[in-house]
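Enquirer: In the order they appear, the protein sequences are chains A and B.
So the first sequence is numbered by the working numbering: it starts at 1 and just counts up by one.
So the second sequence is numbered by the working numbering: it starts at 1 and just counts up by one.
The reader is advised that the hints may include incorrect statements.
[Said to hold, decoys possible] Computed spacing ranges between beta-carbons, pair by pair: (1) B:E681 with A:A54: 50 to 56 Å; (2) A:A374 with B:L661: 35 to 41 Å; (3) B:L726 with A:A298: 52 to 58 Å; (4) B:E647 with A:S311: 45 to 51 Å; (5) B:A701 with A:C291: 23 to 29 Å; (6) A:A46 with B:R32: 37 to 43 Å; (7) A:A298 with B:L735: 52 to 58 Å; (8) A:A374 with B:A554: 40 to 46 Å; (9) B:V690 with A:L493: 38 to 44 Å; (10) B:E33 with A:L18: 52 to 58 Å; (11) B:C702 with A:A381: 43 to 49 Å; (12) A:E427 with B:K62: 53 to 59 Å; (13) A:S160 with B:L726: 47 to 53 Å; (14) B:L26 with A:S311: 39 to 45 Å.
[Stated by the list, open to error] Covered stretches of chain B (in silico footprint by chain A; criterion: 3 or more residues with CB under 8 Å from a CB of chain A, positions within the stretch not fixed): (15) 222–231; (16) 687–697.
Bear in mind the hints are in silico, worked out from the structure with no lab data behind them.
Even for Gly, the Cβ is constructed at its ideal location relative to N, Cα and C.
Chain residues, written in single-letter form:
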Amino acid sequence: MKTVLLITLLLPAAATILPAVGRMQARCWALLASLATLVGAIVLVARFHVGDAAFAATDYAWFDVAGICDHAYMVPDIRFSIALDGLSLWLFALTALLLVVAVLVSWEAIKDQQSLYYRLLLLLGTGMLGVFVARDIILFYLFFEFTLVPLFFLIGIWGSEQRRYAAIKFFLFTLAGSVLTLLGLVAIVLWVWHASGAPAMTFSIPELTKYLQAHAMPYRLQVWLFFALFAGFAIKVPLVPLHTWLPLAHTEAPAAGSILLAGVLLKIGTYGFLRFNLPMLPDATAASMPCLLWLSVAGIIYGALVALAQSDLKRLIAYSSVSHLGFCMLGIFALNRVALQGGALQMINHGLSTGGLFAIVGMIYERYHTRRIADFGGIAAETPVLAFFMVFMTLASIGLPGLNGFVGEFLLLMGMFQRAWGTAVTEWTTQYRVISVLAVSGVVLGAWYMLSLVARVFFGPLRQRAPCTHGRHAEPIADLGLREVLALVPLCLVIVWIGVQPKFILDRMGPAIDQLSSQAMRAADEKEELTPRRQAAKDEGKGRMGERKMGERKMNQEKYEWPKLSTCLPLSFSASVHSPFPYVLFLPSSLPLCGFAPLRENSIGRVIPRQKPLFDNIWNSEAERPGADQLATELICVP
Amino acid sequence: MESYIPKLLIAIPALPLAAAAIVAVLGKRILREQSHWPVALALAGSCLASVVLIFAVQQAQKDHRHEHVVRLWTWAVVQGAGSGEQGAESGERGGSTPYSVLSTTNSGLSSPAFRMDIVLRADSLTAIMLGMVTFVSTLVVIYANGYMHGDPGYWRFFAYVALFVFSMTMLVSVSNFVLLYVFWEAVGLCSYLLIGFWFEKPAAAAAGLKAFLVNRIGDFGFALGVFLLWTTFGTLDFHDSKVETIPATPGHVATTIVRVDPQEIEDPNVPGTVEPGIFGGHHVPVVGRLTKDHPFGEGAVVTAICLLLFVGACGKSAQFPLHVWLPDAMEGPTPVSALIHAATMVTAGIYLVARCTPLYAASPDAQAVVSTIGGFTALLAALIALTQTDLKRILAYSTVSQLGYMFLALGTGSQLGVTAGMFHLFTHAFFKALLFLGAGSVMHAMGGVIDIRQFGGLRRKLPITHWTFLFGCLALSGIFPFAGFWSKDAILAAVAEKAGEAQSGWIYEYLYYAGTITAFLTAFYTFRAYFLTFQGDERIPKEAGHHAHESPAAMTGPLVILAIGALGVGAYFQWMGDFLKPDGFLMQTPVLKALQIQAEPAGYHVPVVATYPWSPHLTVALISTAVALAGIAVAWLFYVARPDLAESATKPAKLLGLYALSHGKFFIDEIYAALIVRPLEALAALLALVDRYVIDGTVNACGAFPRALGAMLRPLQGGLVQFYALVMALGVLALVGALLW
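Sequences are here, hints too, so could you generate the full structure?
Expert: So, in structure tokens, the structure goes:
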């Protein structure tokens with residue numbers, strides 16, 4: 001399986017090297033490569049066993065620093081480490097599926113520079129697959145950023161009118177956030193290295209997770225790192241109000257770009273939250289829960305309302321993505337089992353239904369050369385098969401029971417209700433209740449904008465088309481061809497499958513999500529426990545807490561409060577001096593030193609003597625260098 | 001016979017589903033004009049199976065088996081908290097947080113396992129609903145064979161109808177709230193597809209959209225109710241199982257009533273037991289205590305759940321204020337109006353409330369709301385129906401009104417009331433389907449014209465339609481001995497009974513008056529439509545052309561069968577059948593037994609079997625018959641004998657604006673547009689602007705900042721070498737100065 005995963009991951013990228021000439025060959029090669037990728041993904045899904053945490057793992061030392069600089073004070077152990085778990089398996093499979101759809105959708109739509117186009121598409125494919133399988137922070141970040149480059153060109157070259165602006169905005173906006181994310185990720189690595197006292201600085205995600213689950217970071221530090229990671233992931237998701245790159249990029253991108261952007265790239269954000277924020281920064285996650293829930297529900301309602309007012313097909317669907325990703329985030333940050341499963345499933349669901357919708361819009365655009373909703377009317381009479389698929393995808397998107405969207409929405413809303421009504425009454429409870437009810441109302445709004453879109457475009461009397469400048473208005477509009485039907489049918493099948501039998505996916509996803517979120521869920525429950533409003537009544541009634549615990553609890557209640565601004569300012573100053581952020585400076589300077597060593601077996605376990613601290617500029621001597629605990633106390637005790 | 005129950009239960013929905021699949025795949029190219037065959041055969045098979053099921057269920061009740069559960073597969077499982085894995089982790093992390101103790105004690109509280117199976121169940125209520133649904137739908141499909149003849153979407157129509165029947169039969173036979181919600185929305189989808197069947201018509205497309213959205217608002221409430229149920233009870237199953245824990249003493253109705261054959265609920269995954277349900281088994285007595293010592297206090301949560309579920313019921317069953325979609329839904333083909341929007345789908349709300357009887361029994365406030373909304377809707381819809389001129393819309397408003405009656409009955413919460421509501425549901429299915437199909441027959445003959453002002457005196461041209469329609473009208477008006485008489489009488493009797501009670505009796509007193517006035521109005525508007533259509537001088541619109549003749553046998557056959565039903569079912573089940581009596585078939589439904597238990601104040605140990613006299617309530621019957629006859633007489637006077645009198649009589653009403661109010665449907669659509677739709681659209685437009693200019697503007701401003709900074713610094717790099725030299729010299733000076741300092 002190890003080989004299958006490696007091949008599947010690298011196949012799209014490898015296919016780009018093939019010397020394809022002529023347009024026929026380029027797209028055929030791309031189709032073959034993407035189909036092979038899909039087959040690989042299906043094999044992986046079939047062979048995956050419930051509960052596998054590191055399925056088909058490959059693990060090589062990559063930047064072998066130790067061999068080059070023997071006197072190094074720290075040894076960055078960056079590895080080429082890939083594996084699948086229950087969460088990444090499905091996102092991996094989704095990516096492989098959507099890649100095939102993307103190639104099929106581009107078949108006729110792309111006329112210029114086909115060879116380049118399909119190569120970029122396949123490169124993007126490897127980038128996206130890589131994000132989900134990477135088990136090393138640097139590798140993850142490489143893939144994470146790498147996805148931007150092909151997409152930048154795809155939008156910038158093959159997009160519509162405003163493509164340049166959209167490409168640059170998309171690139172810079174997401175890059176701005178992800179730079180902070182890198183900072184946060186590296187800071188986590190450095191803190192763990194510092195705290196564990198191990199000679200090798202591990203970048204391995206599972207190891208970091210394991211360490212951090214056993215030894216929590218100081219709360220204040222968690223909050224800062226949470227913000228750093230949040231910057232990149234929230235922009236990717238995107239959470240309102242960081243979403244404005246999305247409608248633009250979706251609208252301007254070619255159909256395949258929109259499919260992959262909506263279907264996969266947005267999931268990288270939510271995946272990042274699940275992979276890093278929840279397991280590594282559980283206390284900060286719990287503390288930020290109300291804020292993020294509010295942002296999510298704002299996204300749900302706001303995205304839906306703005307979608308309602310759109311006059312462009314693609315923009316409307318783009319805003320529907322904002323709304324749907326709000327649901328995903330709501331599920332994740334409700335921080336309980338049912339909701340998390342629903343949220344994670346909703347990631348897949350949104351990829352399928354919105355990917356399908358963008359594919360259909362691409363097909364409509366190919367026929368009518370317009371995206372303005374007002375230009376359409378009654379086209380179901382001309383293109384009944386297209387209308388069928390559109391209605392189907394719309395129903396999946398608005399969460400009709402029996403199709404996939406329902407399962408995710410239902411589970412995550414159920415979990416949210418569990419959070420709001422099921423636990424003890426705390427000062428947050430009212431907020432949670434409002435949030436949960438508002439979120440359910442998003443379901444109504446979703447049906448409104450999607451169904452009125454269908455009604456405006458597909459139903460009613462067939463609208464006479466305005467004479468088109470391309471002079472193409474004379475040619476009759478053909479219904480979907482076999483290629484297009486074949487592009488959509490697999491999506492529909494998976495949609496129905498998830499709707500009827502979600503157990504298959506949930507069973508495989510469950511353990512992975514539990515493993516990632518158990519700390520955060522515990523922290524959230526603790527937080528609920530620490531801030532009950534009806535404290536006295538509850539204690540009298542149930543006699544659960546002893547007096548000692550009452551005292552302890554009061555003392556530690558502030559643990560889950562947000563840092564106040566007055567404490568933030570000195571803290572940020574102190575953090576800039578004491579926290580591991582300056583360590584980050586080390587990284588760019590060390591990487592050239594490391595060089596790119598050929599892949600070879602792991603060299604962990606070599607003891608490197610700590611002879612020469614590199615941090616003389618921060619702590620003047622070895623003696624003054626604070627230990628991990630001291631550092632932690634310092635950070636907490638800053639006023 | 002009993003062992004067939006699981007097979008029957010699976011076959012009833014499976015046959016229509018298979019037919020839908022066959023027609024969907026083969027209909028367009030191969031079956032074409034023969035597309036009705038698979039559907040008709042499948043539905044006939046389902047109908048037969050349902051009849052057998054009714055007898056099988058009845059048979060099983062003699063052995064005190066009242067509930068039959070079939071588990072198909074597991075839909076979703078989310079593992080619960082507090083598993084061993086979690087405990088190990090908390091130990092591991094224990095050192096770093098002093099709260100590990102707290103969190104472990106708390107872990108049971110956080111989230112119980114969520115498990116959802118695809119389970120079917122059969123009991124009396126389900127069996128009756130299944131029989132009704134499959135019977136009416138079989139007749140409607142036969143009728144549609146004639147009605148839809150020659151339509152380009154012929155196969156599509158039958159595929160949708162088969163899909164609908166599948167969804168509807170599943171809706172009444174599933175065994176938990178999630179699946180109920182699933183099929184609740186699925187029938188809504190079929191309704192949406194069938195209302196918009198002629199999607200080229202803008203009105204049809206708009207009506208479909210409206211139906212879906214209004215139903216979604218109802219479903220919003222339903223979903224909230226389901227979530228609250230789950231957070232309150234921790235399960236969403238109706239059915240139950242821990243029967244063995246209750247000793248089977250003769251006095252234990254609750255026990256005997258839910259004894260389930262253990263083999264039928266055997267689940268390979270959960271050895272021995274199934275999670276306890278909300279309604280069944282030992283939970284039936286629990287319901288009685290909910291109001292007293294439920295942890296959430298005074299049953300407030302139960303009231304909230306009941307009201308939220310009722311919002312869903314209002315959406316599906318078109319009750320005020322969510323009734324607005326049903327009249328518009330008449331844009332769909334007439335057989336659909338008869339099947340979905342009169343006989344079956346719209347009664348899903350009644351089914352839901354009846355199914356949740358124990359919950360409602362725990363909350364008298366919710367019951368009062370159900371009754372009040374029901375009674376109010378009955379009156380309001382009847383008032384609107386008075387002045388409508390579209391035959392199908394008159395019937396649609398009458399459906400709304402009759403559904404209001406059913407809720408009125410269910411809201412009394414008494415055994416008589418619930419039985420009467422279900423009885424009315426049953427009889428109404430017959431005569432309302434009949435009326436709609438009759439209207440379709442008229443429409444068929446009149447070339448699609450449905451405005452009652454444009455035709456008249458059709459009794460000679462359409463004799464069979466005329467007689468069957470008259471039967472339907474008499475049944476709807478509640479004239480002895482037609483079906484509507486018995487069930488409407490039972491409803492009014494139940495309300496009158498409840499009005500005599502000390503607690504909140506006054507509400508029911510007013511509701512009784514409302515119901516009686518509605519009976520008068522119903523008779524009036526029904527016969528107004530009848531007289532204008534079939535009596536008087538013969539008038540035929542131009543559109544009819546040469547088609548103004550009786551419909552083919554495929555259409556009149558179902559009309560005759562339904563007319564016989566409209567005449568006979570009421571009397572038959574009143575006198576002959578046993579399934580609506582207090583100890584009869586319907587009352588063997590476990591959830592309805594809760595009513596008998598509730599009657600005992602001290603607890604649930606000695607249930608009192610209520611002893612309502614199950615005979616026509618004579619006074620009530622006399623009064624309602626009198627007002628119905630009066631309504632018919634007034635209609636006759638206005639529209640046959642003295643048409644001029646109608647003018648002069650309605651003049652004051654017109655002056656006061658009452659006529660406009662009724663004709664304009666109380667302007668509820670306009671009020672919604674002004675209060676909800678347009679403000680939301682305006683907000684959406686505003687937010688779109690905010691998005692474009694404020695949020696994106698801020699982003700662009702951030703992007704412009706570095707550029708502006710660069711622009712500021714640009715003069716420094718002007719390319720003037722002398723300037724560079726000057727700066728360099730100054731720099732050197734400063735450096736030297738600093739070193740020397």
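Enquirer: Indicate, hint by hint, whether the structure satisfies it.
Expert: Quick rundown of the hints versus the structure:
In this structure the supplied range 50 to 56 Å holds for E681 (chain B) paired with A54 (chain A), their Cβ-Cβ distance being about 51 Å. In this structure the supplied range 35 to 41 Å holds for A374 (chain A) paired with L661 (chain B), their Cβ-Cβ distance being about 36 Å. Distance hint check for L726 (chain B) and A298 (chain A): the Cβ-Cβ separation is about 55 Å, which falls inside the suggested range of 52 to 58 Å. The hint said 45 to 51 Å for the Cβ distance between E647 (chain B) and S311 (chain A), and at roughly 50 Å that hint holds.
Taken as a hint, the range 23 to 29 Å holds for the pair A701 (chain B) and C291 (chain A), whose Cβ atoms sit roughly 24 Å apart. Restraint check, A46 (chain A) to R32 (chain B): a C-beta distance of roughly 41 Å satisfies the suggested window 37 to 43 Å. The hinted window of 52 to 58 Å between A298 (chain A) and L735 (chain B) holds, with their beta carbons roughly 54 Å apart. Separation of A374 (chain A) from A554 (chain B) is about 44 Å and conforms to the stated range, judged on CB atoms against 40 to 46 Å.
Between V690 (chain B) and L493 (chain A) the beta carbons are some 40 Å apart, a value that agrees with the proposed interval 38 to 44 Å. Checking the proposed 52 to 58 Å range against E33 (chain B) and L18 (chain A) shows it holds: the Cβ atoms sit about 53 Å from each other. The beta-carbon spacing between C702 (chain B) and A381 (chain A), approximately 47 Å, falls within the hinted interval of 43 to 49 Å. Restraint check, E427 (chain A) to K62 (chain B): a C-beta distance of roughly 58 Å satisfies the suggested window 53 to 59 Å.
Distance hint check for S160 (chain A) and L726 (chain B): the Cβ-Cβ separation is about 51 Å, which falls inside the suggested range of 47 to 53 Å. L26 (chain B) and S311 (chain A) have their C-beta atoms about 40 Å apart, which keeps the hinted 39 to 45 Å range intact. Coverage of the segment 222–231 of chain B by chain A holds [criterion: at least 3 residues with CB-CB distance below 8 Å; count 6]. For the segment 687–697 of chain B, the stated coverage by chain A holds: 5 residues have a C-beta nearer than 8 Å to a C-beta of that chain, and at least 3 were required.
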